[in-house]
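Asker: Start from the sequences, fold in the hints, and give me the full structure.
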Amino acid sequence: TGANEAMLAPAGARETGLYQVRVDIGIINLRSGRRSVSNDFHFTFLSRAPPPPGARGDGSMHVVRVPAVMPSTYQEGMEWLSGRRRMLESLRIAEELGSYAAHPSALPAPGGA
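Residue numbers (our numbering): 1 to 113.
A portion of the hints provided could be inaccurate.
[To be verified] Computed beta-carbon distance windows for the label pairs:
{"no.": "1", "residue 1": "G26", "residue 2": "G98", "range": "29 to 39 Å"}
{"no.": "2", "residue 1": "G33", "residue 2": "A55", "range": "46 to 56 Å"}
{"no.": "3", "residue 1": "V23", "residue 2": "G77", "range": "18 to 28 Å"}
{"no.": "4", "residue 1": "S72", "residue 2": "L30", "range": "30 to 40 Å"}
Calculated directly from the structure, the hints in this document are not laboratory data.
Keep in mind the model is a prediction, meaning the values are calculated, not measured.
Note that CB positions come from ideal geometry on N, CA and C, so glycine has one too.
Answerer: Right, here's the structure in full:
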């Protein structure tokens, strides 16, 4: 088994601290040495950290800027676009669920019933 990671920081992510990581899981046939991808996982992270010691403010977490990633090939561009779409979908879901944070009992029942 093995994994290759690709970090995608779509446009606007630097200021929000959001970034997308794709991990490809591979299989190696020990007899032939042939490699193949068996699965991939996509994660959206929010980069936050406590303020540095001695900093003024309320002590709340602050955004840690994420380096911008610019694709240099068509393949990388398509992966970047896919990461951006996944990140935006994660944001949409987080905003939708955020309305339930104050009132967890308002969450829909499992199965939509």
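Asker: Can you give the numbers of the hints that this structure goes against, from lowest to highest?
Answerer: Violated hints: none at all, because every hint is consistent with the structure.
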